[in-house]
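Novice: At the far end of the sequence shown sits residue 142, using my numbering, and the numbering has no gaps.
Accuracy of the hints is not assured; some may be wrong.
[Said to hold, decoys possible] Simulated pairs of lysine to aspartate or glutamate, EDC-like, Cα-Cα distance not exceeding 20 Å:
{"#": "1", "residue 1": "LYS121", "residue 2": "GLU140"}
{"#": "2", "residue 1": "LYS121", "residue 2": "GLU85"}
{"#": "3", "residue 1": "LYS121", "residue 2": "GLU110"}
{"#": "4", "residue 1": "LYS121", "residue 2": "GLU108"}
{"#": "5", "residue 1": "LYS121", "residue 2": "GLU94"}
{"#": "6", "residue 1": "LYS121", "residue 2": "ASP103"}
{"#": "7", "residue 1": "LYS121", "residue 2": "GLU87"}
To be clear, the hints were calculated from the coordinates, so they are not data collected in a lab.
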Amino acid sequence: MLRRLTLIVSFLTLANCESPAIRTACLDGQCEDGRGRMAWYTALYEGDFVDGVLEGQGIMLWADGRRYEGEWRNGRQEGQGTMTWPDGRRYEGEWRGGQPHGYGKLTYPDGLTVSGRFANGYFEGR
């Protein structure tokens, strides 16, 4: 009976652990208020923080090869920024809520460029 109870408690403890994808570690600097470097399981950020949240200018590098450099508000891409993808695509322009939103330019690896308004991550046109 005691062994079964121990296993149940152990399972519940493991089930309530936070996901490794959201664990963070401040590598150096002032990750609470100021400038610093923070690591997640799948990404690395170097830039400005306010109250422990990405806020201001910064660069995020993801393990899958994506790279964003630009403005952050409330932990998301917001304002002017540039995202590059591992396949060679590059978006330069306005961001809102972590997505291309506003005027921007998307360049494909073959050189094709699309410029104009984006809304919620999708190209709307000129």
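Novice: Hint by hint, say whether it matches the structure.
Specialist: Going through the hints against the structure:
no. : hint              : in the structure
1   : LYS121 <-> GLU140 : holds, 12 Å
2   : LYS121 <-> GLU85  : holds, 15 Å
3   : LYS121 <-> GLU110 : holds, 9 Å
4   : LYS121 <-> GLU108 : holds, 5 Å
5   : LYS121 <-> GLU94  : holds, 16 Å
6   : LYS121 <-> ASP103 : holds, 16 Å
7   : LYS121 <-> GLU87  : holds, 17 Å
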